[in-house]
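Enquirer: Next come the chains, spelled out residue by residue.
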Amino acid sequence: MASDLRRFIGPDLSDDGIGIMHVDMDAFFASVEIARDPSLRGKPVIVAGLGPRGVVAAASYEAREYGVHSALPTAVARRRCPHGVFITPTVSYREVSRAIMAIFREYTPHVQPISVDEAFLDVSGARRLIGTPVAIARAVRERVRAEHGLTCTVGIASTKFLAKLASEASKPDGLGVVPVATELEFLHRLPIRSVWGIGEKTAEKLTRLGLRNVGDLARLDVDSLAAAVGTAGAEHLYALSRNIDPRPVRPERVEKSISGETTFDRDAPDGSVWGPVLLELSRKVASRARAAGWAGRGVTVKIRFGDFRTITRSRTLAAPTDVGHEIYAAARDLADAAATAPVRLIGVRLDHLVEAAAVGRQVALGEPEHGWRDIETVIDRASAKFGKGAVRSAGRLERPDSRVDTPKPGNPGR
Amino acid sequence: MKFQVDRDTFADAVSWTAKSLPARPSVPVLAGARLSVDDGKLTISGFDYEISTRVTVEVTGESAGTALVSGKLLAEIVKALPNKPVDFVVDGPHAELTCGSARFTLPTMPLEDYPSLPQMPEAIGTIDADEFARAVAQTAVAAGKDETLPTMTGVQIEMTGGGIGMLATDRYRMAIRDSTWEPGASDVAVTVLVPAKALADTARTFGSHSGPVTIAVPQNSEGAPGMIGFTAGGRQTTSRVLDGQLPPLRSLLATSYATTLKVRTADLIEVARRVALVGDRNSPIRLSFDEDGLVVEAGGAEDAKASEGMDCSLDGEPGKIAFNPTYLLDGLSAMDAPYTAFKMNELGKPVVMTGQPAPEDEESDTNHDVYLYMLQPLRWDA
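One line per chain: the protein sequences are R and Z, in this order. Residue 149 in the numbering used here is what sits at position 149 of the first sequence, and the numbering runs on without skipping anything. Take the position in the second sequence, starting the count at 1, then add 414; the result is the number in the numbering used here.
Rather than coming from a laboratory, the hints here were simulated on the basis of the structure. We treat Cβ as the ideally placed atom computed from N, Cα and C, and that holds for glycine. Among the hints, erroneous ones may be present.
Claimed, not checked - Computed Cβ-Cβ distance ranges for the label pairs, DEER-style:
hint: 1; chain 1: R; residue 1: E142; chain 2: Z; residue 2: S747; range: 50 to 56 Å
hint: 2; chain 1: Z; residue 1: Q533; chain 2: R; residue 2: T340; range: 37 to 43 Å
hint: 3; chain 1: Z; residue 1: E760; chain 2: R; residue 2: P11; range: 27 to 33 Å
hint: 4; chain 1: Z; residue 1: E464; chain 2: R; residue 2: G271; range: 55 to 61 Å
hint: 5; chain 1: Z; residue 1: E760; chain 2: R; residue 2: V378; range: 47 to 53 Å
hint: 6; chain 1: Z; residue 1: R687; chain 2: R; residue 2: V378; range: 38 to 44 Å
hint: 7; chain 1: R; residue 1: S272; chain 2: Z; residue 2: G479; range: 21 to 27 Å
hint: 8; chain 1: R; residue 1: G271; chain 2: Z; residue 2: D452; range: 25 to 31 Å
Work out the full structure, taking the sequences as your base and the hints as a guide.
Expert: Right, dumping it as structure tokens:
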């Protein structure tokens, strides 16, 4: 990054008044492979089709130094980087992608995935409830690292266009805030070729006119631009060079769910062992639903037996809930009926999600004003302050032989 | 076995029995209607171990006997017959039905596999059929449909020397209806929890026959009665009863209410239905009221939104309250009164709905206090 750019973009600059985030996974496919097999770390990893007509799907940053990039024919990549580790995809990147998008959705419902490895988030509405854009960006980056062993780069700016440029300028494993007060200073210093939304041909024409960076572009009026690139193109460039990008972050309508599961070190023989774990999972799922402002009507229990046979059982509640105790009541009922053998893995999922603020909470007649939900909210706060596990249900205290994994977000309902 | 019967009489009887037969019987014979002829009478019965039905009609030209045929099929056939006498003859594995020039042959089902119907227990009192139908309909609407909470799927019938009360709840709303009846003895004190759906079906069909409905409950005094029976106009039905009892619902009623909002029932139903169009069944319907009137709203933020104002009379503080639209409309539709009063205390506490006479008809002797519907408003947590 040019040194004078650093005055206008960086992790510690002001995020006042801006709330559009662009999150881009770093060398996504290659990083997923490295997370799966840590012995690959630090090596030039190239995920590619290995047949005679194969192309590179992704290259780690180590491999990129040899000029290997995606869409390069594998044969060329082999010549450029003969000692590279060439592998074919081993896991479903889409699954990982879904899980990561689900993390984003815990912070805001306004998530617009644009491919498997990048998404726009509008977190401007989350400032008071969850935190500033920078705080959310740090939390997202940390969770993606902790839960998936992957790094990502986040750009934060006032528009989608600029947020994307901000993440590009901060790669890899970076965080770039473009403060609104000096956003044009940042934008105008970028070379025209690097600007997203300006095609190869257009960039060539502009270069021939002696325009090098976006600032040169901004100094031209629309008519002069139109002479070079046509009316439509000119208006587009004019808007881009002034950071005029009114496009909102459009959330993709997806079947959302929040889930968590636990694998036992030794198969759990009966409900006295898996029951407390299911309660804790239910509480965690509820806690995450509350944090994200969701409530759900569907409760699904997943059970994998010792022989790896896996079943799921679902129930629809009468009213949407974000209370762990209520999720557990349904989940326990389902699990009691279904767990006919020792259990290797147990999981619970809350789906048919709705925005809690939009639907309110249908409590039972005469239900006290302060019930389980308040208890769980207190636990949320205590855990936020003193760390996870600061408050746990008594039933879990004497069970050192099982382990509750971090609940995995995802939307397996396809 | 054979008989001749009037087409309309036969059609009524068969369709009534067939209605309570299981769609997917656990044993094939349970889909059967049992026809039994003796001494100028035909008895048609059905039973699925939960509900039994029995109806007796007059026939002519009979020879005694019993047969079991598919109830649904028989009902379909009889409904389609021309209005002429129906002849029914059973010959071995087949039953033959003729009516005018139409002729049907049906297979019969093995009688030896068919369970014997429960005996009608001892009568403990009678209630007017129309009143019975109304009371059941007004309470069954609040019963739960969640089979995992079986207690909540019932209507609790409380019968005493002083009256008969029906109660139901699905935890989120409840309905209570008090009626008068003719108890068999002044010291009757029986409470039964009857599956709401079956009860509602029974009450509806009995309601079209004016006259008394006889209620019968076994008097074995040992725990739950196990079943309940109803008889009216040649029709008998028994139902299994549910275990357990509803929570003490009457104790949820407050002794006084700070605010009363009165609206025209039909107007609010119309407005609420219209406004609810913008949401789904879980989208709240919001009521804001003050001296100037009532505004009903739904939807909002990024979704479609609707609002409509209407007249109301308010006694108390202006306020805002939100309900699940289905629960609200269920209550209003059951109200059976020209006006509805919403009685409220502080926000978030259950709201009671009762019927009210029209203002121009305050002198009417219709007692609207016999029915109340209580529902829990939606809450928003900080």
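Enquirer: Provide an ascending list of the numbers of those earlier hints which the structure does not satisfy.
Expert: Hints 3, 4, 5, 7, 8 are the ones this structure does not satisfy, whereas the remaining hints hold.
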